[in-house]
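Engineer: Based on the provided sequences and hints, a complete structural model is requested.
Here the protein sequences come in this chain order: A and H. If you count by this note's numbering, then the first sequence holds residues 66 to 283, one letter each, in order. If you count by this note's numbering, then the second sequence holds residues 66 to 283, one letter each, in order.
Read the hints as simulated data drawn from the structure, not as lab findings. Among the clues, some could well be false.
[Said to hold, decoys possible] List time: in silico DSS-like cross-link candidates among lysine-lysine, alpha-carbon distance up to 27 Å:
1) K233/H to K163/H
2) K210/H to K214/A
3) K214/A to K230/A
4) K238/A to K176/A
5) K210/H to K233/H
6) K176/A to K176/H
7) K283/A to K210/A
8) K238/A to K210/H
9) K210/A to K238/A
10) K163/A to K238/A
11) K214/H to K230/H
12) K210/H to K210/A
13) K230/H to K276/H
14) K77/H to K163/H
15) K277/A to K214/A
16) K233/H to K277/H
17) K233/A to K214/A
18) K210/H to K230/H
19) K210/A to K214/H
20) K214/A to K176/A
21) K214/H to K176/H
22) K77/A to K77/H
23) K283/H to K214/H
24) K233/H to K210/A
25) K176/A to K163/H
26) K210/A to K230/A
27) K176/H to K77/A
Number of protein chains: 2
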Amino acid sequence: MDISGFFPIWDKLSTNERETLINAAQPRFVKKGTLVYGGSADCVGLFAIRSGQLRAYILSDEGREVTIYRLFERDICLFSASCMMSSIQFEISIEAEKDTELWLIPTAIYKTLMESSSVIANYTNEIMASRFSEVMWLIEQIMWKSFDKRLAAFLLEEGTLEESKALKITHEKIANHMGTAREVVTRMLNYFQSEDMIALTRGGIEIKNRKKLENLIK
Amino acid sequence: MDISGFFPIWDKLSTNERETLINAAQPRFVKKGTLVYGGSADCVGLFAIRSGQLRAYILSDEGREVTIYRLFERDICLFSASCMMSSIQFEISIEAEKDTELWLIPTAIYKTLMESSSVIANYTNEIMASRFSEVMWLIEQIMWKSFDKRLAAFLLEEGTLEESKALKITHEKIANHMGTAREVVTRMLNYFQSEDMIALTRGGIEIKNRKKLENLIK
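Structural biologist: What follows is the structure, given as structure tokens:
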């Protein structure tokens, strides 16, 4: 996908602004597992995701993780350019969950565009509002959904993302996504297995009864 | 405070833009306890807070609350004009925690300004980034701080805001702030009392040992 495809406001940009974006965008390929952003010191620029999958998460002092949101094809990652805005006062990390192709737009160039163009500034605002909405959804989940529902939702989402019933994921990794301890995950997975919703396999989890998992969430 | 005082970017605005803001700003007074915003249907406009205190919170289907952030003198409340941005996909409520004086800037007028002025659009971006940072802080608190630490921090903050050791607040209200059940709050307050950190009084809580509460948080 061309860089223009990431900007629904492309038609409203001047020829100059379009050329700046086209010339600024650098193709990048990152292998699955790569940490593409590790906090404000990085601040390389915006990522426009052409294919693959990124995961944004926060880290506690003790090294515990919580997944904040994921980014897919056609998404723009704003916080990898967080130093653009002085009011962004939090640290997130971003890793490639799959092999990922992206356009990198360097921070300085995008910042200059945003400062001079109200169209780009407002579009940036909409991107931030989208992420904000995802984070608010997460708070509601954490506060008001019991862990069995959250875990069932996570397994179903993984199944959809991987397009497979056989998920290759460790209990440790799930715990990192959900910001809890591995033991808590293992206990609940054992319960799901006893209810025939899943089967625990060597190095993974097999979804046996999607319907039953879905019913849990309702 | 004049409306210009809320816009650090005032010097960068055109005479026209300044006049639009000055003419648009309507003085409002809201009594403590008033619900000033109840979801996107309201969408009256931005609030620029001249004095007093607002509380933004989310509500579960069962009527449970969690305080997301608070707004004080000199703050601008953006989400009371959430319909300005289509990507804001969450509902918050905002109530006056104290008698509050504010300027109301109607949504339509602000939206027009934001669409034409990159300076105003970028400033709006910074306001949203500030709120985003507060929400990220909240997630870290919920995920990684135990409840005793969160409650101690809440009591200390209340003491500072009220400029008093004697807090007039019910256990029910604290539970609403923290998104938990009243019983959980009462249990922990009883423990704090047994440790001589606080005294439970008729209709309130007295902070007896600030130092000890502070140590709990460290």
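Engineer: All the hints need checking, so say for each whether the structure fits it.
Structural biologist: Structure-based check of each hint:
1. Among the hinted pairs, K233/H with K163/H is consistent with the structure: their alpha-carbon atoms are about 13 Å apart, no more than 27 Å.
2. Proximity of K210/H to K214/A is assessed by CA-CA distance (about 22 Å); at most 27 Å being required, the pair is judged to hold.
3. Among the hinted pairs, K214/A with K230/A is consistent with the structure: their alpha-carbon atoms are about 18 Å apart, no more than 27 Å.
4. About 35 Å separates the Cα atoms of K238/A and K176/A, which puts this hinted pair outside 27 Å; it is violated.
5. Between the alpha carbons of K210/H and K233/H the distance comes to roughly 25 Å, so the proposed pair stays at or under 27 Å and holds.
6. For the hint pairing K176/A with K176/H, the CA-to-CA distance comes to about 22 Å; that is within 27 Å, so the pair holds.
7. Distance check on the hinted pair: K283/A and K210/A sit about 11 Å apart at the alpha-carbon level, within 27 Å; holds.
8. Taking the CA atoms of K238/A and K210/H, the gap is about 21 Å. The hint holds against a cut of 27 Å.
9. A threshold of 27 Å between alpha carbons decides the hint, and for K210/A with K238/A the separation of about 20 Å falls inside it, so the pair holds.
10. Between K163/A and K238/A the alpha-carbon distance is near 15 Å, which keeps this suggested pair within the 27 Å criterion.
11. Of the pairs offered as hints, the one joining K214/H and K230/H holds, with about 18 Å between alpha carbons and a cut-off of 27 Å not exceeded.
12. Restraint check for K210/H and K210/A: the C-alpha separation of about 18 Å stays at or below 27 Å, so the hint holds.
13. Under the criterion of a C-alpha separation no larger than 27 Å, the hint pairing K230/H with K276/H is consistent with the structure, at around 13 Å.
14. Between K77/H and K163/H the CA atoms are separated by roughly 33 Å; this puts the pair beyond 27 Å, and the hint is violated.
15. Distance restraint check for K277/A and K214/A: the Cα-Cα separation of roughly 11 Å lies within the 27 Å cut-off, and the hinted pair is therefore satisfied.
16. Between K233/H and K277/H, the direct Cα distance comes to roughly 21 Å. Compliance with the 27 Å bound is thereby established for this hinted pair.
17. Under the criterion of a C-alpha separation no larger than 27 Å, the hint pairing K233/A with K214/A is consistent with the structure, at around 20 Å.
18. Distance hint between K210/H and K230/H is fulfilled; the C-alpha atoms sit about 24 Å from each other, no more than 27 Å.
19. Among the hinted pairs, K210/A with K214/H is consistent with the structure: their alpha-carbon atoms are about 22 Å apart, no more than 27 Å.
20. Of the pairs offered as hints, the one joining K214/A and K176/A is violated, with about 41 Å between alpha carbons and a cut-off of 27 Å exceeded.
21. With a C-alpha separation of about 41 Å, the suggested pairing of K214/H with K176/H is violated against the 27 Å cut-off.
22. The hinted pair formed by K77/A and K77/H meets the criterion: a straight-line CA distance of about 24 Å does not exceed 27 Å.
23. About 8 Å separates the Cα atoms of K283/H and K214/H, which keeps this hinted pair within 27 Å; it holds.
24. Taking the CA atoms of K233/H and K210/A, the gap is about 31 Å. The hint is violated against a cut of 27 Å.
25. A hinted pair counts as satisfied when its Cα atoms are at most 27 Å apart, and K176/A with K163/H does not qualify at roughly 39 Å.
26. For the hint pairing K210/A with K230/A, the CA-to-CA distance comes to about 24 Å; that is within 27 Å, so the pair holds.
27. Taking the CA atoms of K176/H and K77/A, the gap is near 17 Å; set against the 27 Å cutoff, the hint holds.
Comparing the model with each numbered hint stated earlier shows that hints 4, 14, 20, 21, 24, 25 do not hold.
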